[in-house]
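Here is what each chain is made of, one letter per residue.
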Amino acid sequence: MDAAEVEFLAEKEIVEIIPNFSLDKIYLIGGDLGPFNPGLPVEVPVWLALNLKQRHKCRIIPPEWMDTEKLEEIREQERKLDTFTPIPSPYYMELTKLLLNHAADNIPKADDIRTLVKDIWDTRMAKLRLSADSFISQQEAHAQLDNLTLMEINTTRSFLLNSLNYMYKLRKNLQPTRTHDY
Amino acid sequence: MDTQSYMPVPPGIGMEENYFSLDDILLSHERLPCKTECSFPRLGFLEKSSDTRDIPEGSKMEMPLWLAKGLYEKKRRVLSVELPKVYRGGWRTVFGADPTVVDLHKMGPYYYGLGSQMLHFDSPENPEIAQIVLQTFIGRFRRTMDSSQNAYNEDTSALVERLDCLERSLFKAGQSGLNGFQQWEKGRSSHLTASSLVINYRKRKITDLQA
Numbered sequence: 034m035d036a037a038e039v040e041f042l043a044e045k046e047i048v049e050i051i052p053n054f055s056l057d058k059i060y061l062i063g064g065d066l067g068p069f070n071p072g073l074p075v076e077v078p079v080w081l082a083l084n085l086k087q088r089h090k091c092r093i094i095p096p097e098w099m100d101t102e103k104l105e106e107i108r109e110q111e112r113k114l115d116t117f118t119p120i121p122s123p124y125y126m127e128l129t130k131l132l133l134n135h136a137a138d139n140i141p142k143a144d145d146i147r148t149l150v151k152d153i154w155d156t157r158m159a160k161l162r163l164s165a166d167s168f169i170s171q172q173e174a175h176a177q178l179d180n181l182t183l184m185e186i187n188t189t190r191s192f193l194l195n196s197l198n199y200m201y202k203l204r205k206n207l208q209p210t211r212t213h214d215y
Numbered sequence: 002m003d004t005q006s007y008m009p010v011p012p013g014i015g016m017e018e019n020y021f022s023l024d025d026i027l028l029s030h031e032r033l034p035c036k037t038e039c040s041f042p043r044l045g046f047l048e049k050s051s052d053t054r055d056i057p058e059g060s061k062m063e064m065p066l067w068l069a070k071g072l073y074e075k076k077r078r079v080l081s082v083e084l085p086k087v088y089r090g091g092w093r094t095v096f097g098a099d100p101t102v103v104d105l106h107k108m109g110p111y112y113y114g115l116g117s118q119m120l121h122f123d124s125p126e127n128p129e130i131a132q133i134v135l136q137t138f139i140g141r142f143r144r145t146m147d148s149s150q151n152a153y154n155e156d157t158s159a160l161v162e163r164l165d166c167l168e169r170s171l172f173k174a175g176q177s178g179l180n181g182f183q184q185w186e187k188g189r190s191s192h193l194t195a196s197s198l199v200i201n202y203r204k205r206k207i208t209d210l211q212a
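Protein chains in written order, with the working numbering: chain A, 34 to 215; chain B, 2 to 212.
Hints may be right or wrong, so weigh each one.
Restricting the straight-line Cα-Cα distance to at most 25 Å, the calculated cross-link-like pairs of lysine-lysine (DSS-like) are [as the list claims (entries may be wrong)]:
1. K113(A) with K160(A)
2. K160(A) with K187(B)
3. K202(A) with K86(B)
4. K142(A) with K187(B)
5. K151(A) with K103(A)
Calculated directly from the structure, the hints in this document are not laboratory data.
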């Protein structure tokens with residue numbers, strides 16, 4: 034899976050906007066998108082929000098977790114614990130990148146948020162590598178990692194799967210072989 | 002996007018080899034020291050050192066793996082294969098002590114593959130060979146993971162130098178994951194670029210032809 038595909042899946046998340054146009058309710062296959070009235074907040078998926086923003090038809094309201102104090106709290110907790118902390122959105126990395134690239138003017142303290150999210154990402158990736166290493170060195174057959182997001186899994190997927198495959202096959206060598214009867 | 006029209010067949014690690022895998026084909030060219038248990042009549046021309054008409058019993062030769070595997074038989078009438086020195090007791094203790102310092106590329110670029118294939122030849126040390134190959138892999142895993150996940154946009158030849166072929170493919174997988182993520186973060190993943198074929202071919206435009 035590409036990073037671009039993960040971003041595509043992330044665009045389905047819901048975010049609030051304030052439109053400056055009016056439109057009746059529209060009925061799409063994926064669901065209905067409520068009537069748009071100028072000045073009234075309405076919830077839409079991210080792909081629509083970004084499109085409207087690029088055409089200067091709305092103002093995006095940052096999700097409530099995209100706030101410096103909340104992110105600092107999450108970062109401190111992430112650094113203290115050895116396991117993964119639950120994070121407010123399963124697509125935090127993608128949403129940060131998309132919203133900060135297109136709607137930075139609607140988000141207060143955008144640069145700080147970018148730095149904080151990057152710190153959280155780095156801490157989580159380091160923990161992921163540590164647990165992958167202990168997984169392999171103790172030759173466990175089964176591991177459970179809670180609260181991982183798709184982007185993190187996607188970055189290490191090919192490496193971890195291939196090395197586990199190789200390890201499995203090398204372990205199969207240890208067992209006594211069948212005799213070949215030709 | 003990772004659309005490939007050519008999906009390479011991966012090597013079959015462990016005691017099986019994949020017939021179509023390029024890595025396995027190259028692996029089976031590795032030479033092993035062997036001793037013949039019976040004489041090979043009228044094949045003396047293959048043995049350059051002696052001028053006899055047939056290869057006598059008990060002569061030591063080096064054979065590639067594919068030939069040794071084909072000729073080897075359990076009742077040992079034809080061939081007996083010696084272990085290459087990398088899999089013998091002395092080197093096994095070296096690998097057991099610290100697997101990360103060894104230059105596995107120099108020890109035969111297919112250390113893991115060849116080690117697994119040696120298990121076909123029923124040597125009494127088979128369990129130890131299998132164990133040491135596994136332990137070496139586990140010991141070197143951490144270093145491979147760290148170097149592949151942290152080397153972005155730099156020359157990786159120094160890092161890859163001491164890795165065996167299997168570890169190199171793992172390194173490449175790790176690098177591709179890292180590079181994909183970094184490209185995406187920079188926003189370059191949906192960047193359209195002209196294909197190198199078009200640029201190099203320098204297509205003549207219709208306007209140039211008419212002028």
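For each hint given before, does the structure comply? Return the numbers of the non-compliant ones in rising order. Nothing - there is no hint that the structure violates, so all of them hold.
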